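If you're matching them up, the sequences are chains Z and C in order.
Those letters in the first sequence? Residues 1 to 482, by our numbering.
Those letters in the second sequence? Residues 1 to 250, by our numbering.
Do not take every clue at face value.
[To be verified] Taking lysine to any residue and the SDA-like style, the derived pairs with C-alpha atoms no more than 25 Å apart in a straight line are:
hint	chain 1	residue 1	chain 2	residue 2
1	C	Lys-77	Z	Gln-431
2	Z	Lys-426	C	Phe-120
3	C	Lys-100	Z	Asn-459
4	Z	Lys-455	C	Asn-104
5	Z	Lys-455	C	Arg-140
6	Z	Lys-471	C	Leu-115
7	Z	Lys-455	C	Phe-120
8	C	Lys-100	Z	Ile-475
9	Z	Lys-426	C	Ser-71
10	Z	Lys-426	C	Ser-94
11	C	Lys-77	Z	Gly-428
12	Z	Lys-471	C	Leu-121
13	C	Lys-25	C	Leu-68
14	C	Lys-123	Z	Asp-444
15	Z	Lys-455	Z	Gln-431
16	Z	Lys-455	C	Leu-121
17	C	Lys-63	Z	Met-205
18	Z	Lys-471	C	Ser-94
19	Z	Lys-426	C	Gly-145
20	C	Lys-77	Z	Asp-430
21	C	Lys-100	Z	Glu-478
22	C	Lys-70	Z	Gln-431
23	Z	Lys-426	C	Tyr-86
24	Z	Lys-455	C	Lys-63
25	Z	Lys-400	C	Arg-50
Derived by calculation from the structure, the hints in this document are not laboratory data.
Keep in mind it's a predicted model, so treat the numbers as computed, not measured.
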Amino acid sequence: MQNEQDHILNEVTSGEYKFGFYTDIEQDSIGRGLDEDVIRTISAKKNEPEFMLEFRLKAYRHWLTMKMPEWAHLDIPVIDYQDQIYYSAPVQKAKLNSLDEVDPELIETFNKLGIPLEEQKLLSGVAVDAVMDSISVKTTFKETLAELGIIFCSFSEAVREHPDLVRQYMGSVVPYTDNFFAALNSAVFSDGSFCYIPKGVRCPMELSTYFRINAANTGQFERTLIVAEDKSYVSYLEGCTAPMRDENQLHAAIVEIVALGSAEVKYATVQNWYPGNKEGKGGIYNFVTKRGICKGDNSKISWTQIETGSAITWKYPSVILRGHNTTGEFYSVAVTNNRQQADTGTKMIHIGKNSKSIIISKGISAGLSNNSYRGLVKVLRGAENARNFSQCDSLLLGDKCGAHTFPYIESANHSAVIEHEATTSKIGEDQIFYCNQRGISTEDAIGLIVNGYAKEVLNKLPMEFAVEAQKLLQISLEGSVG
Amino acid sequence: MLLIKDLRVSIDGEEILKGINLEVKAGELHAIMGPNGSGKSTLAAVLAGRELYEITSGKVLFKGEDLLEKSPEERAKDGLFLGFQYPIEIPGVSMVNFMKTAINSIRKNRGEEPLSASEFLKKMREKKDLVEISSSLTNRSVNEGFSGGEKKKNEIFQMAMLEPELAILDETDSGLDIDALRIVARGVNNLKSPLNATIVITHYQRLLEYIVPDFVHVLYNGRFVKSGGKELALLLEEKGYEWINAEEVN
Ligand SMILES: Nc1ncnc2c1ncn2[C@@H]1O[C@H](COP(=O)(O)OP(=O)(O)OP(=O)(O)O)[C@@H](O)[C@H]1O
Ligand SMILES: [Mg+2]
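Produce the complete structure using the sequences and hints provided.
What follows is the structure, encoded as structure tokens:
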């Protein structure tokens, strides 16, 4: 019985990463290492205003005083921060007619990733900001959106074109003092997206950013800021992939969301960075700080994440429920296979009265991986009638992997109601045999079972991405049973 | 259709099937009876391709081909169906999705086009009516929270959907009320044709009033010790297995 289980597990856990190619394009890179000069160089390359450089330098000086966090249930090798390249941008070779044109080679790269950059070929109803290494390559549908007063552009462009907005909100949700990786990001961040939805506007299309790491030895430090004014609505999707390489690469991002009165922001991530090979060689180190604030009354922020990639994931998309009657949601599916490690979850900070939060976390571990949920529900004194419901489930494939749950609850208000449920289950060899007997292959059986298990979260994704995510779940577990 | 020759099977070094011989021809219905632990489910599981068991000797041909070489899903594709004694729960996977995946996997392996959504739903309705299984069950996750009898009915429903050539039903009649028993019998009789065959494993001759077997075999301690017509079932019910035991000793 045990042998069979092992055999099955070995087979399904040897799937191939489908986005591991590398685009051979000239890169404008700076040398390895990090100091104030490097930061000045990055800022100069981006033509930033003075305030931005000052922000970076302050963050850098603060970072120097900080240490890597060690509390996560992760085994993180020593990272030499002086051995990284902090800026690398693809050089667009072809002679371009307009500023808006993109080197065909880059278009081809994004085509291969399933992200066409020509607007007519795009999924209708989705605007994309495509970011490669340290710069944004192209943002689609910018003009269409601008007609409604929506600003959707690369972060670098926002710094130049909308400095007042950036200045007002950048660092207001995740200050550079927040944590080690947030400080590092604030010092060296490269590109990301900026999105501003004016008062009363319902964004008519999905906005999305696609992040691609291409260059070797280069860290990606993206930064995204979303501001939703009163009574506005936007749904946002982020995707990411990287080439297969034996060396680990660093990715430390910040996403900040501000939702003002009665605004609603939905943020979904399909994280598929290169996870490393079966033996645990290579892969992205993914250290991300994502936080939103429901600043105005009746506002709502929801995070949905499908985490299948990265060698190490350290990530806790959170919501500060500042306004009254605000809602924070966190829906997560985190898959770890082979030797991947994930420590992920959320923080829901209840400040406003009648604030509500819901947490649905579905961990799936296979191979020799380690998968932890870590979540904090904090209710402050003034948060009368705060409500939280948390459901944390773990699904195991085999018995060599680990699943852990670390829920923290701190409540300073007696009227708060906090509920926590947790389950652990296993895909049994008898379930797989039952499917096999009905003619279903083992891989399809796992796909069926895993997607059934993650259904509640997958349903939160925009339709066209839900199908992709389903396939991705199955692919990431390929080779884990057979 | 099915030919078993001197099949010996062990688990953890202990021999459970000690030389099984059986021939099932198309159009036939065989019943296997025998006391608890005699190896009936083991035989069924080995035929369906469960890898748990070690096959130490013997040969099984299904439609002229070596069955033991094939994976469980290939056997399903070839038309073999096992009604489980203890059907498995698969939380979160809807019956509809499960059946659609099963049918289309089999079709794909046979080089056929997948059923369209409407063809599939039509088939689903038809078979649901046949086995009188309610939509409230087929709309749920596979066997999840089903009562014992509901699980058994669901096995028959799946059999009706998959239309196998050889169905092996492992105690599908156990735990059924009298109405359900009739329905199970109807499912089996409906499948009956000169081209198909069925093996029912049962403890009760009661089922055999509805499903008339061509042969009854008694499995005792890993061997078929007696075979006969449907009257053998009656005899067993009357005299118990002790009788066989005594005969064998003599
Ligand atoms: N996985 C297993 N591990 C150890 N022993 C097993 C296993 N499966 C079956 N056996 C043993 O093999 C013998 C035959 O079991 P089997 O389930 O085939 O009997 P059965 O005839 O179907 O009985 P029942 O009428 O109770 O269903 C029993 O002694 C049982 O304990
Ligand atoms: Mg049995």
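Evaluated hints:
Restraint check: the Cα-Cα separation between Lys-77 (chain C) and Gln-431 (chain Z) comes to about 18 Å, which is no more than 25 Å; the hinted pair holds. Straight-line distance between C-alpha atoms of Lys-426 (chain Z) and Phe-120 (chain C) comes to about 31 Å, which puts the hinted pair past the 25 Å bound. Distance hint between Lys-100 (chain C) and Asn-459 (chain Z) is fulfilled; the C-alpha atoms sit about 20 Å from each other, no more than 25 Å. A threshold of 25 Å between alpha carbons decides the hint, and for Lys-455 (chain Z) with Asn-104 (chain C) the separation of about 21 Å falls inside it, so the pair holds.
At most 25 Å may separate the alpha-carbon atoms for a hinted pair to count; Lys-455 (chain Z) and Arg-140 (chain C) meet this at roughly 14 Å. Simply put, Lys-471 (chain Z) and Leu-115 (chain C) have alpha-carbon atoms about 21 Å apart, close enough for the 25 Å limit, and the pair holds. A threshold of 25 Å between alpha carbons decides the hint, and for Lys-455 (chain Z) with Phe-120 (chain C) the separation of about 22 Å falls inside it, so the pair holds. Taken as a hint, the Lys-100 (chain C) and Ile-475 (chain Z) pair is honoured in the structure, with Cα atoms around 20 Å apart against an allowance of 25 Å.
At roughly 23 Å between alpha-carbon atoms, Lys-426 (chain Z) and Ser-71 (chain C) fall within 25 Å of each other, so this suggested pair holds. Distance restraint check for Lys-426 (chain Z) and Ser-94 (chain C): the Cα-Cα separation of roughly 18 Å lies within the 25 Å cut-off, and the hinted pair is therefore satisfied. The hinted pair formed by Lys-77 (chain C) and Gly-428 (chain Z) meets the criterion: a straight-line CA distance of about 23 Å does not exceed 25 Å. Under the criterion of a C-alpha separation no larger than 25 Å, the hint pairing Lys-471 (chain Z) with Leu-121 (chain C) is consistent with the structure, at around 24 Å.
Distance restraint check for Lys-25 (chain C) and Leu-68 (chain C): the Cα-Cα separation of roughly 18 Å lies within the 25 Å cut-off, and the hinted pair is therefore satisfied. Distance hint between Lys-123 (chain C) and Asp-444 (chain Z) is fulfilled; the C-alpha atoms sit about 22 Å from each other, no more than 25 Å. Using a Cα cut-off of 25 Å, the hinted pair Lys-455 (chain Z) and Gln-431 (chain Z) holds, with the two alpha carbons roughly 18 Å apart. Only pairs whose Cα atoms come within 25 Å are accepted, and Lys-455 (chain Z) paired with Leu-121 (chain C) is accepted, the gap being roughly 22 Å.
Under the criterion of a C-alpha separation no larger than 25 Å, the hint pairing Lys-63 (chain C) with Met-205 (chain Z) is inconsistent with the structure, at around 57 Å. At most 25 Å may separate the alpha-carbon atoms for a hinted pair to count; Lys-471 (chain Z) and Ser-94 (chain C) meet this at roughly 18 Å. Between Lys-426 (chain Z) and Gly-145 (chain C) the CA atoms are separated by roughly 17 Å; this keeps the pair inside 25 Å, and the hint holds. For the hint linking Lys-77 (chain C) to Asp-430 (chain Z), the alpha-carbon distance of about 19 Å falls within 25 Å, and the restraint holds.
At most 25 Å may separate the alpha-carbon atoms for a hinted pair to count; Lys-100 (chain C) and Glu-478 (chain Z) meet this at roughly 21 Å. Distance hint between Lys-70 (chain C) and Gln-431 (chain Z) is fulfilled; the C-alpha atoms sit about 19 Å from each other, no more than 25 Å. Pair hint Lys-426 (chain Z) plus Tyr-86 (chain C) holds up; C-alpha atoms about 18 Å apart against a cutoff of 25 Å. As the CA atoms of Lys-455 (chain Z) and Lys-63 (chain C) are separated by approximately 40 Å, the hinted pair breaks the 25 Å bound.
In summary, the hint linking Lys-400 (chain Z) to Arg-50 (chain C) is supported, as the alpha carbons are separated by about 23 Å, within the 25 Å threshold.
In the structure shown, a violation is registered for the earlier hints numbered 2, 17, 24, in ascending order.
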